[in-house]
Amino acid sequence: MSSAPTFRYVEQADTSVLEASGNWTVFNMRGLRRRLRNGPAAPARKPEVIDITRVKHLDTAGILELLQLAGGGEGSEVRAKEQGQVDLFRVVQAHGVETPPERDVSWILHWLDEVGHGLVDIYHQIIALFAFSGEVLVVTAGAFAQPRRFRLAAIVKQMYEVWISALVIVGVLCFLIGVVIAYQGVQQLRQFGAETFTVEAVGIGIFRELGVLLTAIIVAGRSGSAFTAQIGTMQVNQEVDAMRTIGLNPIEWLVLPRILALVISMPLLVFWGNMAGLLGGAVACTVYLDFTFVQFFSRLRDTVGIWNFYTGMIKAPVFGMIIAAIGCFEGLQVRGSAESVGQLTTRSVVEGIFCVIVLDAVFSIIFLLAGV
Amino acid sequence: MVEGGQLVDHRDGRDVVLKLRDVRTQFGDHVVHDHLDFDMFRGEVVGLVGGSGTGKSVLLRTIIGLNPAREGVIEILGNNIRRLHGKTEHALHAHIGVQFQDGALFSSLTVAENIMVPIREHAGLDEGAMRCIAALKIALVGLPPDSGDKKPSELSGGMRKRASLARALALDPELLFLDEPTAGLDPIGASHYDQLVRELQQSLGLSVLMVTHDLDSLYAVCDRIAVLLDKRVVVGTMDELLAYDNPWVREYFHGPRGRAAAAVQERKAAFNGK
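Heads up: the protein sequence lines correspond to chains P and V, in order.
Under the working numbering, think of the first position of the first sequence as 1, with each following residue one higher.
Under the working numbering, think of the first position of the second sequence as 373, with each following residue one higher.
The following block holds chain P by itself, in its conformation from the complex:
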């Protein structure tokens, strides 16, 4: 496999001949094309005969190259040792295709194209979102009229996935955040001699914002993405279509149990996260402030009002609903390929976290106006 492909143009008794020798296979074309680029040996006139009697190995890529060297090779005669090589030549010529030109699109057109497609996509997305919300509402209303349609078994199974399995990760992260806030609180407040206010910082911070936000972000990354991937894969395998033909409503069987499971599980998870965060704060305070646990929690009881706790808990089911709804919606948007499952899973997590933070801001305004 070492003999490199070589060629030359010769004149034999009034006919111009393209003489090739060596190995003309796809693996040898790289070197040949590099040599050609350096010094293109253009023939005086178009060769009428292609002589490949001295070619050892030949494949379709080699033939393509020979045809290019022979200026297309239409009507040219092929001289070869083996009939097989001539046949292969004819096959390639029969499927003769011009090299497809690389499409040259100006960047402005390309950019406009992207923007236009993006806008149309958003428009379709909004329509689909409304349709999805409406369908979920209708199914939910129907389920209230006919409670067995709530699919208790499916809800419990989903709750195990989104609640019980998430307890460890939520607990650990909230505990660590509690420690971090307490440590920062002590460091900053000590400058004013107000380090005992660390307890309020930890309590209010965790209850109002951090416990619920952190939990929501973990749940969006863990469960929202799982919902999209599960439903998306079912969509690719045509399982969702199969459900429809059997007469099962995918919204009732796939979406509703997931939304309800997360609506129920989120407050439970947030409560658990809050407790872990407080524990982290308490541990940090015993280390940095020489507080005892009893001192920490009695100060917490005296200074942090119960509404701080309620504001966080009110947000939890709403966040849960929005994360589950986005996860399921994007899952049902999957079309065709595995690639689209990946894209939409990413989108579901990003949109989930985005919506949670926007809603959190809305809740802040509401609570401000309500004075709690």
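If you're looking for bench data, these hints aren't it; they were derived computationally from the structure.
Since the model is a prediction, treat every value here as computed from it, not as a measurement.
From the three backbone atoms N, C-alpha and C, an ideal C-beta is built for every residue, glycine too.
A few of these clues could be false.
[Said to hold, decoys possible] Listed next, the in silico DSSO-like pairs over lysine-lysine satisfying Cα-Cα at most 27 angstroms (straight line):
{"id": "1", "chain 1": "P", "residue 1": "Lys56", "chain 2": "V", "residue 2": "Lys391"}
{"id": "2", "chain 1": "P", "residue 1": "Lys81", "chain 2": "P", "residue 2": "Lys56"}
{"id": "3", "chain 1": "P", "residue 1": "Lys46", "chain 2": "P", "residue 2": "Lys56"}
{"id": "4", "chain 1": "V", "residue 1": "Lys391", "chain 2": "V", "residue 2": "Lys459"}
{"id": "5", "chain 1": "P", "residue 1": "Lys56", "chain 2": "V", "residue 2": "Lys459"}
{"id": "6", "chain 1": "V", "residue 1": "Lys391", "chain 2": "V", "residue 2": "Lys603"}
[Unchecked claim] Example chain P residues on the side facing chain V (calculated, C-beta under 7 angstroms, incomplete):
{"id": "7", "residue": "Phe27"}
{"id": "8", "residue": "Met29"}
{"id": "9", "residue": "Ala61"}
{"id": "10", "residue": "Asp87"}
{"id": "11", "residue": "Ser337"}
Given the coordinates of chain P, work out where chain V should sit on it, guided by the hints.
Below, chain V without anything else, positioned relative to chain P:
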């Protein structure tokens, strides 16, 4: 039975491109193949058949190295694949082509780019040359020229199979493996596909191993047929297998579908004879 699991020696002086000796595959305690011998010669088309669960796909995956064999020797083009590693293993991939059952085209690339993947990896050609080769392969497998710029998800099932064949042919491999190439195609598409495989096999001098259940394909394109029986293969021409004394083989080739396919073949032969 002579060496290689054949009923009669069909070697006829040709190179052995694929040689299996005493191969055993198993999953846990479940032995799929045991003491399996099989030979394939240059330039022939062999059909691999067997009942459901006899391990046709497992055998194919074992041969192409996706599923390690527990014991035995597997030689592809003279290389024992169980001993290969590093560069030599990499180089061997350039000489075999595989078409998976559902195409297994890379979904993020266009059809032309899919065909260019093996060329770029093994031959390192420039973009222009690769586009040229890709366009030729697309034409060879009978796809319309504009399908090169399409994503696999925009193609129909039959077109995906053809595109997958085009990718398998990208480097003009010596050995081609096809997994149920005509499953899910309409009869017209399937018979065109059979013709295509036959034509390509002849013009490119390929050796082809195809897993198939399509009796028409077995009659139309296969030189020999390998039947998975009792964890081994029995290989022979159609006539030899028609005379082979085994209940499953008799049921398979003499059942209603087998007889129908044979009748079609006879009619064709008579028509060509006129």
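Consistency of the hints with the structure:
1. P:Lys56 - V:Lys391: Status holds; Cα separation ~26 angstroms.
2. P:Lys81 - P:Lys56: 10 angstroms, holds
3. P:Lys46 - P:Lys56: 24 angstroms, holds
4. V:Lys391 - V:Lys459: 21 angstroms, holds
5. P:Lys56 - V:Lys459: The given pair, whose Cα atoms are some 24 angstroms apart, holds under the 27 angstroms limit.
6. V:Lys391 - V:Lys603: This hinted pair holds, its Cα atoms lying about 17 angstroms apart.
7. Phe27: 5 angstroms, holds
8. Met29: Because about 6 angstroms separates Met29 (chain P) from the closest Cβ in chain V, which is inside the 7 angstroms limit, the hint holds.
9. Ala61: 5 angstroms, holds
10. Asp87: 6 angstroms, holds
11. Ser337: 4 angstroms, holds
Violated hints are absent here; each numbered hint is respected by the structure.
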